[in-house]
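Enquirer: Could you slot chain G onto chain R? The hints should help.
Protein chains in written order, with this note's numbering: chain R, 1 to 90; chain G, 1 to 90.
Rather than coming from a laboratory, the hints here were simulated on the basis of the structure. Remember, predicted model here, so these are calculated numbers, not experimental data. Built from N, CA and C at the ideal position, the CB exists for glycine as well. Treat the hints with care, since some could be wrong.
From chain R, some residues computed to sit far from chain G (all C-beta separations above 12 angstroms) [to be verified]:
hint	residue
1	K20
2	L24
3	P26
4	L35
5	A57
6	S59
7	V60
8	A61
9	A67
10	P78
11	T79
12	I80
Which chain G residues face chain R? A few, computed with CB under 10 angstroms, are given here [stated by the list, open to error]:
hint	residue
13	K20
14	A28
15	E29
16	F51
17	M70
18	R73
19	E89
What follows is each chain in one-letter form.
Number of protein chains: 2
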Amino acid sequence: MTTHYEAMTTYTATVTVRLKQGVLDPEAETTKRALERLGFELESLRSADRFEVEMDAESVAAAEDRADEMAERLLANPTIHDYDVEVTEA
Amino acid sequence: MTTHYEAMTTYTATVTVRLKQGVLDPEAETTKRALERLGFELESLRSADRFEVEMDAESVAAAEDRADEMAERLLANPTIHDYDVEVTEA
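Just chain R, with the same shape it has in the complex (with noise of 0.2 angstroms):
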């Protein structure tokens, strides 16, 4: 009787969450007006949250699955934000 154990790569997943177009972001705003106010000239500015997740998986793609329903399920509120996931071997 033999045991298959299937090969476990670790892979980092970069999950980058944003507020869709159209919705507003007041803390976005408040920085770039301190900018400013500091004498920087600058044209826009957004901002986003960059969550990096360390996970031990089969492959690159099931990583990515794994990433993106993360995001689905919590790390993105779908009706305000778009994300995205970009998967690198650790």
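Expert: Below, chain G alone, put in the same frame as chain R:
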């Protein structure tokens, strides 16, 4: 008499601000535990703030310098944060 105008290009500078290694991040810890409660397996989770700043500048180097100064003066707190800057043409 000629007046010389420097050609300006629009750049997007992405400033990523992270807590330094060793600084406690209770928010990330809470998010990690919430994901685990949902049944996800993960080794670690780090969170970071990401600022996407659109600006007109003479060159990539000038845009980088300005974003760097924004990070030093407002976006990051050098006592607890590390940051990096990435500039692309918008």
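Enquirer: Enumerate the violated hints, using their earlier numbering and listing them in ascending order.
Expert: 4, 5, 9, 13, 15, 19
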